[in-house]
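The lines below spell out each chain.
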Amino acid sequence: MIVEIGHFALILAFAVACLQTGCVAWSLWIGNDEPRSIATPAAIAQCFLLLLSFWALVHSYVVSDFSVQNVWTNSHSAKPLLYKISGAWGNHEGSMLLWVVILALFGGAVSAFGNNLPARLKSNVLAVQGSIGIAFLAFIILTSNPFARLSPAPFEGQGLNPILQDPALSFHPPLLYAGYVGFSMAFSFAIAALLEGRIGAAWARWVRPWTLAAWMFLTIGIALGSWWAYYELGWGGWWFWDPVENASFMPWLAGTALLHSAVVMEKRDALKVWTILLAIITFALSLMGTFLVRSGVLTSVHTFAVDPERGIFILAIIAIFTGGAFALFAWRAPQLRQGTMFSPISREGSLVFNNLLLMTICAAVLVGTLYPLALEVVTGDKISVGPPYFNAVFIPLVLILLVMLPFGPMLPWKRGHAVEAAWRLRVAQGLALAAAIATFVSKPDSPLLAPLAMAVGVWVIAGTLAETAFRAKAFTAPWPEVMRRFANLPRSSYGGMLAHIGVGIAVLGITATSAWRAEQIVAMKPSDRLQFAGYEVVFDKVSERQGPNYQETFGTFKLSKQGEPLSDLTPAKRQYTAPPSTTSEAAIHASWAGDFYLVMGEAAKDGSSVVVRLYFNPLVRLIWIGALIMFVGGAISLTDRRLRIGAPARRAVSSQPTARAGQAS
Amino acid sequence: MKRLAGLCALMLLLCLGFGSATVFAVQPDEVLADPRMEQKAREISAELRCLVCQNQSIDDSDAPLARDLRLIVRERLKAGDDQSKVIEFVVARYGEFILLRPPFSAKTYLLWLAPLFLLAGGGYLAYRVFHRGDRKPTSIPTPLSEDERSQLRGILDGKQG
Numbered sequence: 006m007i008v009e010i011g012h013f014a015l016i017l018a019f020a021v022a023c024l025q026t027g028c029v030a031w032s033l034w035i036g037n038d039e040p041r042s043i044a045t046p047a048a049i050a051q052c053f054l055l056l057l058s059f060w061a062l063v064h065s066y067v068v069s070d071f072s073v074q075n076v077w078t079n080s081h082s083a084k085p086l087l088y089k090i091s092g093a094w095g096n097h098e099g100s101m102l103l104w105v106v107i108l109a110l111f112g113g114a115v116s117a118f119g120n121n122l123p124a125r126l127k128s129n130v131l132a133v134q135g136s137i138g139i140a141f142l143a144f145i146i147l148t149s150n151p152f153a154r155l156s157p158a159p160f161e162g163q164g165l166n167p168i169l170q171d172p173a174l175s176f177h178p179p180l181l182y183a184g185y186v187g188f189s190m191a192f193s194f195a196i197a198a199l200l201e202g203r204i205g206a207a208w209a210r211w212v213r214p215w216t217l218a219a220w221m222f223l224t225i226g227i228a229l230g231s232w233w234a235y236y237e238l239g240w241g242g243w244w245f246w247d248p249v250e251n252a253s254f255m256p257w258l259a260g261t262a263l264l265h266s267a268v269v270m271e272k273r274d275a276l277k278v279w280t281i282l283l284a285i286i287t288f289a290l291s292l293m294g295t296f297l298v299r300s301g302v303l304t305s306v307h308t309f310a311v312d313p314e315r316g317i318f319i320l321a322i323i324a325i326f327t328g329g330a331f332a333l334f335a336w337r338a339p340q341l342r343q344g345t346m347f348s349p350i351s352r353e354g355s356l357v358f359n360n361l362l363l364m365t366i367c368a369a370v371l372v373g374t375l376y377p378l379a380l381e382v383v384t385g386d387k388i389s390v391g392p393p394y395f396n397a398v399f400i401p402l403v404l405i406l407l408v409m410l411p412f413g414p415m416l417p418w419k420r421g422h423a424v425e426a427a428w429r430l431r432v433a434q435g436l437a438l439a440a441a442i443a444t445f446v447s448k449p450d451s452p453l454l455a456p457l458a459m460a461v462g463v464w465v466i467a468g469t470l471a472e473t474a475f476r477a478k479a480f481t482a483p484w485p486e487v488m489r490r491f492a493n494l495p496r497s498s499y500g501g502m503l504a505h506i507g508v509g510i511a512v513l514g515i516t517a518t519s520a521w522r523a524e525q526i527v528a529m530k531p532s533d534r535l536q537f538a539g540y541e542v543v544f545d546k547v548s549e550r551q552g553p554n555y556q557e558t559f560g561t562f563k564l565s566k567q568g569e570p571l572s573d574l575t576p577a578k579r580q581y582t583a584p585p586s587t588t589s590e591a592a593i594h595a596s597w598a599g600d601f602y603l604v605m606g607e608a609a610k611d612g613s614s615v616v617v618r619l620y621f622n623p624l625v626r627l628i629w630i631g632a633l634i635m636f637v638g639g640a641i642s643l644t645d646r647r648l649r650i651g652a653p654a655r656r657a658v659s660s661q662p663t664a665r666a667g668q669a670s
Numbered sequence: 093m094k095r096l097a098g099l100c101a102l103m104l105l106l107c108l109g110f111g112s113a114t115v116f117a118v119q120p121d122e123v124l125a126d127p128r129m130e131q132k133a134r135e136i137s138a139e140l141r142c143l144v145c146q147n148q149s150i151d152d153s154d155a156p157l158a159r160d161l162r163l164i165v166r167e168r169l170k171a172g173d174d175q176s177k178v179i180e181f182v183v184a185r186y187g188e189f190i191l192l193r194p195p196f197s198a199k200t201y202l203l204w205l206a207p208l209f210l211l212a213g214g215g216y217l218a219y220r221v222f223h224r225g226d227r228k229p230t231s232i233p234t235p236l237s238e239d240e241r242s243q244l245r246g247i248l249d250g251k252q253g
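Residue numbers (our numbering), protein chains in the order written: chain F, 6 to 670; chain Y, 93 to 253.
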């Protein structure tokens, strides 16, 4: 019964989404604003209906109701509760339902908290949100029903792929989707603005919190996925330039560009047309990410052709939304007033440069991901585009971007002086140079790029700190004055600075791991000793234990450094029965210097020894700490008063004429 | 969802088959005695695709085919081939599909040049925008003087000032 209620709520949500969009369309048609007031309650109703539907699915997973096909295919009664719940979105149908739930949550949030928005804009935004809901709900109901029943109900489920049974991966999809789908808000605001033909600084201020929230979720979602890959896949890599990773990285790049251009629009009323375009592109990339992952087109063009129903449906959704948005843009954008002018050497100019680089990187990732598909369709030739290509293109572009990064915040709006900004950054330059020299001297045989990249990491961090010091007038004003200035900096400035520092920290981690990772593969017998990366490992024994839904063979390795025992490492191989498969669990001893990473492999034929693979990944922790700092920076920026209050400037302007008129009469 | 996960599941199916228990790619018995040569073998391996896997290099893959390829790479190195010779050898047998870094050829002009074109094109557009700014410097509109204001108030109130 609960399952049917969930299914019914899903269909009802589709009807409500039609109402949400339809009422605004009707308003536009009859030229009367009355019907559009339905959009707000409709968005909230849609949100509740989809939460109900989602709850029904999760419930059937929790109680292991195998009469539901989706539960039967992806769950098992012996699975721990967390993985029963996360199993609900660990499959195509459930994850699409999660997608629309998050879409509806964003729509509901605008309805509930968007009281500072002009009524027309708000209902237009909700109408666009509603139309995205219509498309994806139709997709779920017609091609991917998660509530389909089986009769007779099987006795036991088939189980979830063990590789997905992991805490980090349980939260990875919801976070990633909150990011993907969150960019729909920027898209809806862009379309609404184009429909109204009016756009300005206030628009940027309304859009920014939503874009920022989406960006934060995407950042942490990608970081979580990469961390999972690092400890679970067992070969210590953390980014593979896999098409599925690229699918989430492209919206992140475009979203980052959007956040920066929205700043220009908010502060200077410039780059308006570009910001609108960027909002559309960012969401288009999110849709494309959904398509790439959901359609199976990545596995092979042929798989896609064999079962094209779902792929074609999503492709049609993309075509309608992006095509429609671009057409509307082409029609309306010329009518938008161009903003103020600025010199290339200015804060705005630096942000244009930031956008240029970020979008080029984004386009390069896009080309690299889709080129093999396109080439195969057009000429039939098969080529591979892998990590060597992406690194060759990505690294130089990113380094240029990061070298320029600290200059931007040091330049004033409108017109600045490069030399002046460089002079203000002289300490940071000194530190970066010192970092390069220190790297070169201490690790003379490292790759050429390593000292440069370490210097860039230090440069970004030191440059950002220099910016903070400059703004607080540290070292030039008396200390009480400095403290007061420091405390009075807007939260969005703190957020931006933290995010930049996070980038610098991640760069240090990425560089160190890539350049100085140590690796050893060796067969060990019990009580064998091994020296590796300054650590000593003693192989103790192999034992067995029983997990909740797996049988585990684990080795015990005693780890010590300079005679001081550190910890016992217990890498394991898990044998799952449903579905029958094996996973390998790495053992990691983490420290600030780096991770000691140990994986146990095959036992020798005679059982006397096991193959052990050891890695030392220096500073690898900094990669995820950097991402976490970016997330925190975003969160602090989100609490900025100006974003919460909405558009004080607009209210002030609109109240003035009445006051004056009163005075005059 | 599950970026890698879906692929990994597939990869596992393709490369291992259910129930198999291997985790690593390079096995101790493959490693060459000469560390420099081994390092070179690893570098080459990272450039070659495991043909039966999803987006994995032979250095990362534990499929039997990947192992064979790793052994071939090491044999060629021991026979005295340099990096380009080894890669030529492998491409001659398995085709260009095996290269994770596609060579610059008629087929891939667009792939390699697209980032450059985009950077140049975007840079040119930005330049145009700045240039337009130079030709037509906009000034901040000066606020109305007190006279003008009272005139405006008059107009708004319906009386000619």
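Some clues are possibly wrong.
Distance condition first, Cα-Cα at most 16 angstroms in a straight line; then the derived EDC-like pairs of lysine to aspartate or glutamate [unchecked claim]:
#1 F:K419 / F:E524
#2 Y:K132 / F:E524
#3 Y:K199 / Y:E188
#4 Y:K132 / F:D450
#5 F:K530 / F:D611
#6 F:K546 / F:D573
#7 Y:K199 / F:D386
#8 F:K387 / Y:E188
#9 Y:K199 / F:E381
Keep in mind that the hints were calculated from the coordinates and are not lab data.
These numbers come from a predicted model, not from an experiment.
Hint-by-hint comparison with the structure:
Only pairs whose Cα atoms come within 16 angstroms are accepted, and K419 of chain F paired with E524 of chain F is rejected, the gap being roughly 51 angstroms. For the given pair, K132 of chain Y sits about 14 angstroms from E524 of chain F by alpha-carbon distance, which is consistent with the 16 angstroms threshold. This hinted pair checks out: K199 of chain Y and E188 of chain Y have alpha carbons roughly 11 angstroms apart, not beyond 16 angstroms. A distance of roughly 15 angstroms separates the Cα atoms of K132 of chain Y and D450 of chain F; the hinted pair therefore holds under the 16 angstroms criterion.
Distance hint between K530 of chain F and D611 of chain F is fulfilled; the C-alpha atoms sit about 11 angstroms from each other, no more than 16 angstroms. Annotation: proposed proximity of K546 of chain F to D573 of chain F holds, straight-line Cα distance about 11 angstroms (limit 16 angstroms). Distance hint between K199 of chain Y and D386 of chain F is fulfilled; the C-alpha atoms sit about 9 angstroms from each other, no more than 16 angstroms. Annotation: proposed proximity of K387 of chain F to E188 of chain Y holds, straight-line Cα distance about 8 angstroms (limit 16 angstroms).
At most 16 angstroms may separate the alpha-carbon atoms for a hinted pair to count; K199 of chain Y and E381 of chain F meet this at roughly 11 angstroms.
Going through the hint list in order, the structure does not satisfy hint 1, though it satisfies all others.
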